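Given these sequences and hints, build the entire structure.
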Amino acid sequence: MATIIINKDRCKACGFCILFCPKQLLQMADDLNLRGIHYACVRCEAECTGCAICGLVCPDVAIEVFK
Amino acid sequence: MTTRRPIRPVTREGHPKNPDPRPRTPRRRTAQGHANPPDPRGRQVFGKPASLKDVPTHFCSGCGHGLVHRMVAEVVDELGIRERVVGVSPVGCAVLGYDYWDFDVSEAAHGRTPAVATGMKRARPDLIVFTYQGDGDLAAIGTAELIHTANRGENITIIFVNNAVYGMTGGQMAPTTLEGQITATTPAGRTLEGCGAPLKVPEMIAPFPGTKYLVRTALNNPRNISIAKRCIKKAFQCQIENVGFSLVEVLSPCPTYWRLSPLDALKWIEEKMIPYFPLGEIKVPN
Amino acid sequence: MNHKVLMCGNDAMSEAAVRAGCRFYFGYPITPQNEVTAYMSWRMPEVGGTFIQAESEIAAVNMVFGAAAVGARAMTSSSSPGISLKQEGISYLCGCELPAVIANVVRGGPGLGSIGPSQADYFQATRGGGHGDYRTITLAPSTLQELVDLTYLSFDLADKYRNPVLILSDGVLGQMMEPAVLPEMMDGKLPPKPWALTGARNRLPNVIRSLYLDVDLLEKLNLKLGHKFREMEQQEVRFEEFNVTDAVLPPRPAGLSRGRHAPAADLILVAYGSVARICRSAVRRLRQAGQRVSLFRPITVWPFPYEPLATAAERAKALLVVEMSMGQMIEDVKLAVGRCRPIGFFGRVGGCVMSVEEVVQEARKALEEVQ
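Protein chains in written order, with my numbering: chain X, 1 to 67; chain Y, 68 to 353; chain P, 354 to 724.
Among the hints, a few may not be true.
Derived BS3-like pairs: lysine-lysine, alpha-carbon spacing no greater than 30 Å straight-line [to be verified]: (1) X:Lys23 to Y:Lys334; (2) P:Lys581 to P:Lys546; (3) Y:Lys300 to X:Lys67; (4) P:Lys577 to P:Lys546; (5) Y:Lys120 to X:Lys8; (6) Y:Lys267 to Y:Lys350; (7) Y:Lys334 to X:Lys8; (8) Y:Lys301 to Y:Lys188; (9) Y:Lys339 to X:Lys23; (10) Y:Lys339 to X:Lys67; (11) Y:Lys120 to X:Lys67; (12) P:Lys581 to P:Lys687.
Calculated from the structure, these hints are not laboratory results. Because the structure is a prediction, the values reported are computed rather than measured.
Shown next as structure tokens:
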């Protein structure tokens, strides 16, 4: 069981984490962050293995992974 | 009669040793910048490295600079060299390195970055000196400095971020712009006749005996991003072990001036850049 | 065909150069003149010219040297740090007596500075920023129309004197949009250049050089250049006086006027380039409040209009020099006026632009001291 914390206001919506999560656990939120754009958020945390690929590919250091 | 005060002992490098009041062990911090308390969520396996300031960057969405800045900071932390490392920023999108890295950083005039690094390393060989340069800084205006720093075999590390375009100034052609690529100064696409072919930097300087570790990496998928970080670490280790000059080229996305979405930019690296700029180690230490 | 366009300054300057017969542009990206490289990259091929984005500003100015040496009209442009790089090349162009046009879209400095507008390259431009005894005619437009007219003129002046000419634009002029009437495309007939390296067929070889190991010969060259610079000082001074009475009239067509003598004013503002526009508005505002203030605007900052400024100052109580710098043109103003009038200074630096109100406040302070 792992936890993903995404700092939504750091997110610039590049989409890398959503694309590369091996289990497709991330998605774009419906609402907007302080930048005025949609941001990545966790769709289903229960299946997260803590592989941290999402953090690895994030150019904005918006993602923390806990295991 | 006045008593003479003792002269402070000076090290071989020429500077009195000053104990660093800051704690030596880099501590992982949360993205909010707090020190890591015992966390009910578990052990943090990924977060912001200590050598990266908690400052949102100015880079565009999907820009590779954010990744490479973070990787350099992670490598500095893992090698424990934060108090020995000095970075030299280029002129280009990465000009504000000193706003993001939490260690000593200097600017340099456009293209003169390797010369500045040479001056630093010669004056203080104990420091770990790296330059961080874009394709214009390194391979256009800085060609002479690149060639001669590499040829002299200066024991520094060059991180070369290649995104095939001049980002900061509005998307003009770079020395690594691909044939047919449309930019602000090649509105009909780059032509070999008139503009020449894109430059392959590590291959260009590989024949120099002074160059020791030359590698090309890319940021188009998690595997390549991991490899890029490993290569950056290897390059820094090359310097620490006094092996000699190292250069890591990183093929990096520029969604804004490629006029692509961030995800399409990653595809463009894979489909267009990598075939022309092959990945891998071009030269390794004996 | 003359036609009126709405363009940004950098684009207008580029088009004016093309219409003046410039067919070779070599440049390098630097903010705030990137529009010039982008414009020339498609416009030059359109007119059968050549555009090269050089590897550096140094390479670009040396490409200009080469094109000029074989008789072409060539141009380069940059902004402050890049113009610093070109200084050696400009010295060589002067020493070798080659015509060329170099445009500086000035930004904040020193060093990498900022991308805001500035006038802190005045010394560099007017004192011969490179090594050796030389001068370059330096044109300082204040409006887009003037930028167009002076760019067009610069190529003729460069050929007339076989000397590089500098255009001193800045980040305001380069980026702003204004209507301007473009000149007609010149007919392509350049003035004869018997000195150019065109291949020594049926003539003795030509040589382009500035190296003279025989020091007497180098002195001769310098005296010859000095004679040229004196000619420029006598014939190419340009300035404008925006008088107290003019405040209620539309401004005179700028650029090529030789000015006329100002009536008595309490305070003369001295400014050039985009700062002169701000000062013009300040003069209007002060005039409406009943103050006797006028504006003296050098159009050539080299050769500087020393005599006309001295004459104008005689009939005024004080001067206020306004620049986007720590005070550079003020030295020429002091040379012109000497100690006979108080000379104040107001400047903004680093890329900051003064507002009309700020200039009005400073002018009021200066007026209080003399009234």
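How the hints compare with the structure:
no.	hint	result
1	X:Lys23 to Y:Lys334	holds, 20 Å
2	P:Lys581 to P:Lys546	holds, 17 Å
3	Y:Lys300 to X:Lys67	holds, 25 Å
4	P:Lys577 to P:Lys546	holds, 18 Å
5	Y:Lys120 to X:Lys8	holds, 18 Å
6	Y:Lys267 to Y:Lys350	holds, 14 Å
7	Y:Lys334 to X:Lys8	holds, 25 Å
8	Y:Lys301 to Y:Lys188	holds, 19 Å
9	Y:Lys339 to X:Lys23	holds, 28 Å
10	Y:Lys339 to X:Lys67	violated, 38 Å
11	Y:Lys120 to X:Lys67	holds, 24 Å
12	P:Lys581 to P:Lys687	holds, 25 Å
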